[in-house]
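What follows is each chain in one-letter form.
There are 2 protein chains.
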Amino acid sequence: MSSSAARDSRRIAVIKALAHPSRLAIAEALQDGERCVCELRDLVGADLSTVSKHLTVMRKAGLLDMEKRGLNVFYRLRCPCLMNFFECLDGLVPEPASRRSAR
Amino acid sequence: MSSSAARDSRRIAVIKALAHPSRLAIAEALQDGERCVCELRDLVGADLSTVSKHLTVMRKAGLLDMEKRGLNVFYRLRCPCLMNFFECLDGLVPEPASRRSAR
DNA sequence: ACAATACTTGGTAAAAACGCCAAGTAAAGC
DNA sequence: GCTTTACTTGGCGTTTTTACCAAGTATTGT
Numbered sequence: 015m016s017s018s019a020a021r022d023s024r025r026i027a028v029i030k031a032l033a034h035p036s037r038l039a040i041a042e043a044l045q046d047g048e049r050c051v052c053e054l055r056d057l058v059g060a061d062l063s064t065v066s067k068h069l070t071v072m073r074k075a076g077l078l079d080m081e082k083r084g085l086n087v088f089y090r091l092r093c094p095c096l097m098n099f100f101e102c103l104d105g106l107v108p109e110p111a112s113r114r115s116a117r
Numbered sequence: 015m016s017s018s019a020a021r022d023s024r025r026i027a028v029i030k031a032l033a034h035p036s037r038l039a040i041a042e043a044l045q046d047g048e049r050c051v052c053e054l055r056d057l058v059g060a061d062l063s064t065v066s067k068h069l070t071v072m073r074k075a076g077l078l079d080m081e082k083r084g085l086n087v088f089y090r091l092r093c094p095c096l097m098n099f100f101e102c103l104d105g106l107v108p109e110p111a112s113r114r115s116a117r
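In the order they appear, the protein sequences are chains A and B.
15 is the number of the first residue of the first sequence in my numbering; add one for each residue after it.
15 is the number of the first residue of the second sequence in my numbering; add one for each residue after it.
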């Protein structure tokens, strides 16, 4: 019943892959469908090499698939349920200290 | 619409609060109920001050409540649904074992 | 009051993450 | 072939995170 170390390290990899503003933004953007690296570079406004490294982190965590087509590399989410995950995430903390239902 | 910056920064805080092996282990342990700091120190095997700082990170992210009773400080999860969250997390990546060349 | 326990906070050194530039690879077009 | 485009990888300085020790606070017990 206690946590398996393998499962935990897998969880950590996924969590870390989302624990950066650019990577979270990428994950959110990919919910609408695949994007090539240069589109994601425009989205996050960082150097192409930086974005590429972020994508590598996410891919190695198992979050993304990549596919090269012509000159472009397209990334897409491997999971259909990231939206669920985010709602789950937003629901994690009942209230920080402020009002609720402010959206 | 793209993500709100405020919502994203809150998401990031929560995700970061879980993106460390000791903190994830703490979160998992607290699913069974509140624990005092020294119990959690025994669990993660780090210095008491280290554990205390981890707990501060988690509390500031909104994940934990603390309550002092006597000499002890007890921490508990603020959310009832961390288990759901973890299942959601484990479900994020369809095929665990599949890894694309890591080089 | 004094001592002990349980924790927090400050300081700091080490480790990890980050981001840019430069260089390298691969596909497409000429 | 050579050039361009799209991306990846290596290198390296900068920033952030982490973990310990030491010192401080609060409460309990004597």
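It is worth saying that the hints were derived from the structure and are not from the lab.
Mixed in with the good hints there might be a few duds.
Where chains are identical, the list cannot tell them apart; a pair therefore holds if satisfied intra-copy or between any two copies.
Here are the simulated BS3-like pairs of lysine-lysine, each with C-alpha atoms no more than 27 Å apart in a straight line [to be verified]: (1) Lys30 to Lys67; (2) Lys30 to Lys82; (3) Lys82 to Lys67.
* 27 Å Cα threshold - placement of Lys67 relative to Lys82 -> within (16 Å within a copy, 44 Å between copies)
* When no copy is specified for Lys30 and Lys82, does a C-alpha distance of 27 Å or less occur within a copy, between copies, both, or neither? -> For Lys30 and Lys82, only the intra-copy Cα distance (25 Å) is at most 27 Å; the inter-copy one is 31 Å.
* Asked: From the Cα coordinates, with 27 Å as the cut-off, is the pair Lys30 and Lys67 best called within, between, both, or neither?
  -> both (14 Å within a copy, 19 Å between copies)
The structure is consistent with each of the numbered hints, conforming to all of them.
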